[in-house]
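Visitor: The task is simple: from the sequences and hints, build the whole structure.
Each chain, letter by letter, is given below.
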Amino acid sequence: MIQLLKLAYRDLGRNRRRSFFSALALGMGLGLLLLMAAVVDGEYRGSMESTIRLESGHLQVRSASYDESKASLAWEDLVENPDGMAAQIATLPPVEVSTPRLFASGIVAVGEETDAVRVIGIDPSSAANAPFSDGLVFGDFLTADDREGVLLGLPLAERLSLQVGDKVTLLINTSNGEVDQQDFIVRGLYSTRTPSYDDRTVFLPLAKAQAITRTENHASAVLVLLHDRQQAEAVASALQGAGLQMVTWEKANELLLDTEEFAAAYMTFLYLIVLGITATVIVNTLVMAVFERTREIGILSAIGMRRRRIMAMFFAESGLLGIAGIAMGLVIGGLLVAYATIQGFYIGDMGVTGIMLGDTIYAHLTLEDTLTLTLLAFVITLLAALYPAWLAARMEPVDALRAGQ
Amino acid sequence: MSLYLRLAWRNIWRQRRRTVIVVLAMGLGLALMMLYDGTVAGFQQAIYGNAIKILGGNIQIHAAGYDRDPGKSPLLPLPDDQTVVDAARAQPQVVAASRRIKTRGLATSREGAFPVGIVGIEPEQELPVSLTAQNVAAGRLLASEDEDAAFIGQGLAEAMGIGLGDRFTLAGGATHDQMRTRTMTVIGIYDVGLPEIEKQTIYIALGEAQRLYGVTDQSTEVVLFLHALGQEPAVIEALAPSLAAYEFGSWETSFPELQAALGTKGGVMNVFSVIILMIAGIGILNLLLMAVYERTREIGLLGAMGLRPGQISTLFILEGTLMGLVGVAVGIVIGLVLNGLLGRIGIDYSQFSSLTEYTALITGRVYPTLGTENLIGRAATVLVISALASLYPAHEASHREPAEALHYV
Numbered sequence: 021m022i023q024l025l026k027l028a029y030r031d032l033g034r035n036r037r038r039s040f041f042s043a044l045a046l047g048m049g050l051g052l053l054l055l056m057a058a059v060v061d062g063e064y065r066g067s068m069e070s071t072i073r074l075e076s077g078h079l080q081v082r083s084a085s086y087d088e089s090k091a092s093l094a095w096e097d098l099v100e101n102p103d104g105m106a107a108q109i110a111t112l113p114p115v116e117v118s119t120p121r122l123f124a125s126g127i128v129a130v131g132e133e134t135d136a137v138r139v140i141g142i143d144p145s146s147a148a149n150a151p152f153s154d155g156l157v158f159g160d161f162l163t164a165d166d167r168e169g170v171l172l173g174l175p176l177a178e179r180l181s182l183q184v185g186d187k188v189t190l191l192i193n194t195s196n197g198e199v200d201q202q203d204f205i206v207r208g209l210y211s212t213r214t215p216s217y218d219d220r221t222v223f224l225p226l227a228k229a230q231a232i233t234r235t236e237n238h239a240s241a242v243l244v245l246l247h248d249r250q251q252a253e254a255v256a257s258a259l260q261g262a263g264l265q266m267v268t269w270e271k272a273n274e275l276l277l278d279t280e281e282f283a284a285a286y287m288t289f290l291y292l293i294v295l296g297i298t299a300t301v302i303v304n305t306l307v308m309a310v311f312e313r314t315r316e317i318g319i320l321s322a323i324g325m326r327r328r329r330i331m332a333m334f335f336a337e338s339g340l341l342g343i344a345g346i347a348m349g350l351v352i353g354g355l356l357v358a359y360a361t362i363q364g365f366y367i368g369d370m371g372v373t374g375i376m377l378g379d380t381i382y383a384h385l386t387l388e389d390t391l392t393l394t395l396l397a398f399v400i401t402l403l404a405a406l407y408p409a410w411l412a413a414r415m416e417p418v419d420a421l422r423a424g425q
Numbered sequence: 013m014s015l016y017l018r019l020a021w022r023n024i025w026r027q028r029r030r031t032v033i034v035v036l037a038m039g040l041g042l043a044l045m046m047l048y049d050g051t052v053a054g055f056q057q058a059i060y061g062n063a064i065k066i067l068g069g070n071i072q073i074h075a076a077g078y079d080r081d082p083g084k085s086p087l088l089p090l091p092d093d094q095t096v097v098d099a100a101r102a103q104p105q106v107v108a109a110s111r112r113i114k115t116r117g118l119a120t121s122r123e124g125a126f127p128v129g130i131v132g133i134e135p136e137q138e139l140p141v142s143l144t145a146q147n148v149a150a151g152r153l154l155a156s157e158d159e160d161a162a163f164i165g166q167g168l169a170e171a172m173g174i175g176l177g178d179r180f181t182l183a184g185g186a187t188h189d190q191m192r193t194r195t196m197t198v199i200g201i202y203d204v205g206l207p208e209i210e211k212q213t214i215y216i217a218l219g220e221a222q223r224l225y226g227v228t229d230q231s232t233e234v235v236l237f238l239h240a241l242g243q244e245p246a247v248i249e250a251l252a253p254s255l256a257a258y259e260f261g262s263w264e265t266s267f268p269e270l271q272a273a274l275g276t277k278g279g280v281m282n283v284f285s286v287i288i289l290m291i292a293g294i295g296i297l298n299l300l301l302m303a304v305y306e307r308t309r310e311i312g313l314l315g316a317m318g319l320r321p322g323q324i325s326t327l328f329i330l331e332g333t334l335m336g337l338v339g340v341a342v343g344i345v346i347g348l349v350l351n352g353l354l355g356r357i358g359i360d361y362s363q364f365s366s367l368t369e370y371t372a373l374i375t376g377r378v379y380p381t382l383g384t385e386n387l388i389g390r391a392a393t394v395l396v397i398s399a400l401a402s403l404y405p406a407h408e409a410s411h412r413e414p415a416e417a418l419h420y421v
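Top line first, the protein sequences correspond to chains W and C. Just so we're aligned, residue 21 is where the first sequence starts under the numbering used here, counting upward by one. Just so we're aligned, residue 13 is where the second sequence starts under the numbering used here, counting upward by one.
By construction, these hints were calculated from the structure, which means they are not laboratory data. Since we're looking at a predicted model, the values are computed, not measured. Where is the CB? At the ideal position from N, CA and C, for every residue including glycine. There could be a bad hint or two in this list.
Said to hold, decoys possible - Dumping the calculated EDC-like pairs for lysine to aspartate or glutamate here, alpha-carbon to alpha-carbon at most 16 Å: (1) Lys277/C x Glu168/W; (2) Lys271/W x Glu88/W; (3) Lys90/W x Glu208/C; (4) Lys271/W x Glu253/W; (5) Lys187/W x Asp154/W; (6) Lys271/W x Glu69/W; (7) Lys187/W x Glu132/W; (8) Lys90/W x Glu170/C; (9) Lys90/W x Glu69/W; (10) Lys90/W x Glu198/W; (11) Lys90/W x Glu123/C; (12) Lys271/W x Asp87/W; (13) Lys187/W x Asp203/W; (14) Lys277/C x Asp379/W; (15) Lys187/W x Asp189/C.
What the hints assert, rightly or not - If you want the ones that stay clear, here's a sample from chain C, every Cβ over 12 Å from chain W, calculated: (16) Ala246; (17) Ile248; (18) Leu337.
Guide: Following this line, the structure appears as structure tokens:
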């Protein structure tokens with residue numbers, strides 16, 4: 021085996037330039053695939069994180085009859101005494117923070133312009149609001165007793181030409197199926213760098229939101245953030261009670277997970293094509309090597325080398341090419357991924373509302389993806405040696421010896 | 013030149029096996045691009061085809077300033093809508109021209125609240141050409157004298173838990189910072205098979221919209237329905253000079269986010285395709301490098317016969333480019349076959365339709381086109397990369413000393 025590798029190594033060294041370029045082709049292919057895998061994974065990881073941070077939390081406790089797509093404010097669809105429930109949940113050891121949220125639908129109107137928004141009532145003092153309070157760009161964050169302040173997303177405010185201190189009319193649905201409207205003052209503008217969210221979400225203090233929607237002492241959900249998200253199921257079953265439903269982050273991200281699966285199938289197809297193209301370069305290199313060394317192969321078999329061993333020699337060559345190519349690929353891919361992880365790709369607003377897609381994708385390369393792709397590249401390189409090795413082993417010693425004379 | 017071409021053509025087939033493999037790699041690269049182009053075009057067709065039918069009209073005409081900011085839809089009345097309608101009807105491609113008022117609103121019931129677009133229409137004008145009018149599931153169409161009556165989608169009716177004859181609250185943005193809230197009765201329900209889209213729009217009579225939203229005797233939009241898709245540019249061109257104070261929009265401009273998304277993805281795909289083709293290009297580079305060695309004596313001979321280094325370079329670059337050209341041919345065949353198959357089977361995208369406002373327009377499966385949309389550009393990329401890959405071997409070949417090369421065994 022060692023001897024075989026030595027032989028293969030020397031053979032590759034005979035045409036150094038060609039071997040280098042073949043390995044480079046593999047390296048470029050692998051580097052590209054690593055980047056792609058990292059970007060796709062980064063995209064989904066980012067969306068998942070955003071959904072959890074901005075929207076779903078790790079767990080939401082809702083009334084059993086609540087339907088997320090309807091944003092009903094009827095009392096029977098809401099959680100009663102949410103403050104008390106949140107305080108109680110917060111005492112559980114796995115829970116980091118717990119806070120009530122009220123979800124309503126509304127319209128903001130400024131001048132001739134109107135826009136549909138989601139109105140969320142929040143407890144301004146809760147640490148769960150970190151994405152919004154840290155993301156404050158202008159003005160101040162809300163306070164619990166603010167009766168006329170509203171917090172707007174930056175893109176929405178820009179579209180409506182609103183600034184801090186401006187007046188805005190807000191129309192919101194109420195618990196009895198009607199609407200109520202009131203003027204508010206823009207207290208602050210926030211940005212979570214998630215266009216689809218910032219563009220259509222406005223915040224009110226919970227007490228004010230309850231007052232205008234006539235849902236006193238009720239909330240749509242109690243949002244729970246955990247220290248470790250794997251414990252969501254355990255906490256959910258601990259909290260399960262009559263008339264309540266538990267929505268874990270996994271359930272809230274179903275669409276995202278489905279999309280990811282769909283994308284994964286597409287990616288596999290792409291991986292195979294890229295590696296297939298790479299393989300042709302290696303096939304060609306080895307085929308050339310077989311024909312250059314026809315006499316040599318004749319000699320080797322004349323002095324008793326078995327066909328299998330001749331084949332093995334070519335597999336050893338492709339294996340070495342594969343290792344060199346993978347090394348290059350890891351370097352190329354590593355550099356690309358490092359750049360994409362730190363700098364990210366700015367994509368702007370793609371109008372994706374179904375999942376929380378940020379305006380910048382930061383790559384994230386998992387060990388699993390790296391290993392899978394490396395292994396796949398190696399296997400395909402070895403497979404690429406099949407045809408040249410078969411060509412070499414098929415030669416008749418006598419004919420091969422005579423070749424080129 | 014034709015002599016070089018003949019030489020190059022013969023040369024690339026001297027080692028048939030190698031060339032076939034290289035050409036296959038190039039072809040696969042091109043086929044992959046075609047697959048992408050075909051899928052994107054399929055998506056666009058699926059989205060736009062339905063967009064025109066459901067969202068109304070091939071061309072929308074607004075007052076100047078309406079489209080100043082993307083995503084805005086102000087209640088900006090047209091200065092003289094009758095002139096616009098008359099001018100449009102004079103065009104032979106226009107089937108119908110109808111005035112509308114569009115505003116945003118909130119529809120609420122005990123079940124919940126839903127942001128909707130409220131569209132005031134002229135029923136007599138639109139109903140013959142509108143898809144919603146042809147798909148009435150219950151009740152009746154709007155009539156122009158209807159009051160407090162709404163024509164809503166099946167998707168919205170289900171979500172709101174209301175049916176024919178039921179009442180619900182509809183609040184809409186009016187002019188001058190005002191909101192007008194009104195209790196409406198459902199007089200008809202349409203079902204176009206796209207629940208997500210049906211949730212987005214409520215139709216009322218134009219007269220009622222004018223009264224409710226403070227646009228007395230005016231409208232904010234004129235929509236034109238054309239005989240066929242693709243006639244938009246000609247109609248806009250014909251109308252634009254006489255309607256200088258108006259803005260024209262067509263289905264192409266109606267989804268700015270879709271354009272942005274496709275632009276970004278297209279850019280990524282372009283970079284991606286160049287890298288893939290570069291990998292395949294390494295195949296050409298390696299092959300030609302080998303050819304340079306194998307043909308050392310031959311190159312010496314050519315040099316001795318008086319071919320200048322530049323001419324020898326040209327020969328090798330031609331060989332590389334020819335391989336690229338054959339690759340293009342192979343790629344087109346593979347691409348057409350793959351897209352042809354995929355175009356028959358289709359891609360099931362229905363479970364993701366709620367992802368964006370524009371994918372909500374996709375019904376069932378998406379059928380890719382043949383993917384020839386960007387073929388010229390893609391093929392040019394293949395040829396350029398093939399030519400670039402042959403530069404280095406060509407340089408090597410041209411720098412051989414004829415005398416030494418001739419002695420080479």
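Visitor: Return the numbers of the hints above that this structure violates; sort them in rising order.
Guide: 1, 5 and 9
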